[in-house]
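A.B. asks: Mind docking chain B on chain A? Use the hints.
2 protein chains.
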Amino acid sequence: MPRKPSPDVTMADVARVAGVSIATVSNALNSAGRMSQSTRDKVRRVARELGYLPARAHTRTLGLAVTTDHPASWGFAEIPYFSQAIQSATAVAHEHGYGLVVQPTAVGLERWAVLAVDGMLLIDSPKGDRVRADLLMRGVPVVHIGRPVSAEPDDIWVDNDVEGAVRGVLDHLSQAGAQRVALLGGDTTDYYIQACMTTYRQWCAERGEPVLLELMRRKNPAPAVARLLSRDDPPDAIFGPYDRCGHAVLSAARGHGLRIPEDLLVACASESSAYETTTPPVTTLSLDPVGATRIATELLIQLVEGGTPAVSGGVVHHTRLLARKSTLRVAADHLSTA
Amino acid sequence: MPRKPSPDVTMADVARVAGVSIATVSNALNSAGRMSQSTRDKVRRVARELGYLPARAHTRTLGLAVTTDHPASWGFAEIPYFSQAIQSATAVAHEHGYGLVVQPTAVGLERWAVLAVDGMLLIDSPKGDRVRADLLMRGVPVVHIGRPVSAEPDDIWVDNDVEGAVRGVLDHLSQAGAQRVALLGGDTTDYYIQACMTTYRQWCAERGEPVLLELMRRKNPAPAVARLLSRDDPPDAIFGPYDRCGHAVLSAARGHGLRIPEDLLVACASESSAYETTTPPVTTLSLDPVGATRIATELLIQLVEGGTPAVSGGVVHHTRLLARKSTLRVAADHLSTA
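The listed protein sequences derive, respectively, from chains A and B. Position 98 of the first sequence, counted from 1, bears residue number 98 in the UniProt record's numbering, the numbering being contiguous throughout. Position 214 of the second sequence, counted from 1, bears residue number 214 in the UniProt record's numbering, the numbering being contiguous throughout.
Chain A extracted, bound-state conformation (with noise of 0.2 Å):
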């Protein structure tokens, strides 16, 4: 079992137990030097039980990282709800004097290792985190935005309700009349995908309805949806959980002749206004990525200036569905916008 992490233990504790020099034990919890595979990961699984803390030298600045397990890069910093995150984070980080640093995904531990920072972001943590094994195994201070699918008991996260979110969504569809509602799921590992997955299955098999599932790439949603408007029973609604899945539906349901609403209710995660000015505007759910962020961020901080932090394990943030056109089927007054 590893040790909490203690100032008491040095390096060359580690050396002594492993069995080797204080140089290769800093060699190999620096990513750095010569050596086999299996002496740096013998070294670093001692440093672990032995709660070795390196010391670290204070740069005032810190870190954020989607860690998710999506395949090699992709522009997140593009994606609405990244991008305001990363904004929310940086004005903070500014606010108590702090620079912070975003890296691109796809990002080896060397990289983590050089940089230094006091304290880390981590955005949608998936199974077997590498990054995040390695920057606790070095003492630095995580606090999660999205919980962390393997969360222990220290772990400090902000995360929306996202079953009540999923299930405030579908309830809505089904309000409007839909009967047939889709989901479009995702082959991450990340909480939030899994979340919204399990919600939907519960939701359908609760009401003995028929699940509709495809699973997309986040890049390009339009397959999925295309194999969804294809099947032999359709639905005739689809909600979908990354911001580019409203326009990917838009876009299917003019190539198969569908009116929106009429025919197909669409509602999407997004924190884009492109939705209020699509054709027709598109239903949103707003995870608040800048109040979540502005939260986890100012947990980091407390963290990192060895305060404690105004709360421990897990923040619960809210949400906002702000029902527009794509999902109005129905009078006005058969709608809840929870």
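I should point out that these hints are in silico values taken from the structure, not numbers from a laboratory. Heads up, the beta-carbon is just placed ideally off N, CA and C, and yes, glycines get one too. Hints may be right or wrong, so weigh each one.
Said to hold, decoys possible - If the Cβ cut is set under 8 Å, some of the chain B residues that face chain A in the computed set are:
| no. | residue |
| --- | --- |
| 1 | Ala77 |
| 2 | Gly99 |
| 3 | Leu100 |
| 4 | Val102 |
What the hints assert, rightly or not - Here are a few chain B residues that face chain A, going by a calculated C-beta distance under 7 Å:
| no. | residue |
| --- | --- |
| 5 | Gly75 |
| 6 | Glu78 |
| 7 | Gln87 |
| 8 | Val101 |
| 9 | Pro104 |
What the hints assert, rightly or not - Covered by chain B, according to a simulated footprint, are these stretches of chain A (three or more residues, beta-carbon under 8 Å):
| no. | segment |
| --- | --- |
| 10 | 75–84 |
| 11 | 90–96 |
C.D. replies: Here is chain B on its own, set in the frame of chain A:
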């Protein structure tokens, strides 16, 4: 005269000429260690004169700093011009596999030395910019967004045609019927605000019109607006070159019982869509920070990777005047939206 930085000059060369140890050279250049300020200055001067180029670890991280000489800290990351520039730089950096760190203003040189970025974007570099001098001395590649005030032939910068853009706004106000156009100026030395004031004075002189100029604080233009409106000879149009000017003029006009656009025209430089929905909507000059920052970041990456950048010297980037109700006092065909 400083020589062009060269990898052939060693730290030992600097130590010999400066008459100090190599450790002292290292400490002086990295803002570390204890020594008198005069020793530190001497070592840095010698390093610069010899063209010493410190070996740097490649971190694949770029930096972005706003070094304009505003007093202490101001939350630039929440101003649309800068938040859009940060978003654009982050996206372009990520496309090329780089991270991006954004520091708050009022950061000491020590922090920049610790950062070890591969290259740096500097926005609105003022007169005597110490961060700029330090980066150049340490051989860190720099690309400027907004001309550095004391530009040298080797500088690479991306900027708007500030003079042309300001003349466009002033002509627009004049064509809309204004005869007493005022400018909100600033007390910083960066190129942008100085060029705004110089162009305004020239434009007034050419037309024999009065100079109605008040200096504002960027964070709160309200006192300067109040001084303009309280004059015995108040203006009938105001141009504010910062984002918050439009809101400040709308609010002050209400307080003075002035109707916009009937009694007072107002335009400001802004990237904020909020001015589409104010009462009335406000005419804005857009400097397109997204496009300008994309060009600057791509040039910086070319420099960092040892290539010859596609340009040397300056790149002039377009502006757009978005004419709205706040300057529409006369028939629409009198308006130009260059």
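A.B. asks: Run every hint past the structure and note whether it holds.
C.D. replies: Hints versus structure:
1. Interface hint at Ala77(B): satisfied, since its Cβ lies 4 Å from the closest Cβ of chain A, which is below the 8 Å cut-off.
2. Contact between Gly99(B) and chain A, as hinted, is supported at the beta carbon level, the nearest pair being about 4 Å apart and thus within 8 Å.
3. Hint status for Leu100(B): holds, given a least beta-carbon distance of 6 Å to chain A, under 8 Å.
4. A cut of 8 Å between beta carbons decides the hint on Val102(B): the least distance to chain A is about 5 Å, and the hint holds.
5. At a threshold of 7 Å, the smallest CB-CB gap from Gly75(B) to chain A is about 6 Å, leaving the interface hint in force.
6. With a least beta-carbon distance of about 5 Å to chain A, the hint placing Glu78(B) at the interface is held under the 7 Å criterion.
7. Hint status for Gln87(B): holds, given a least beta-carbon distance of 5 Å to chain A, under 7 Å.
8. The closest approach between the C-beta of Val101(B) and any C-beta of chain A is roughly 4 Å, which is under the 7 Å cut-off, so the hint is satisfied.
9. The restraint placing Pro104(B) at the interface with chain A holds, with a minimum CB-CB distance near 4 Å, inside the 7 Å limit.
10. For the segment 75–84 of chain A, the stated coverage by chain B is satisfied: 5 residues place a CB nearer than 8 Å to a CB of that chain, which reaches the threshold of 3.
11. Evaluation of the coverage hint for the segment 90–96 of chain A: fulfilled, as 5 residues show C-beta separations to chain B shorter than 8 Å, against a requirement of three.
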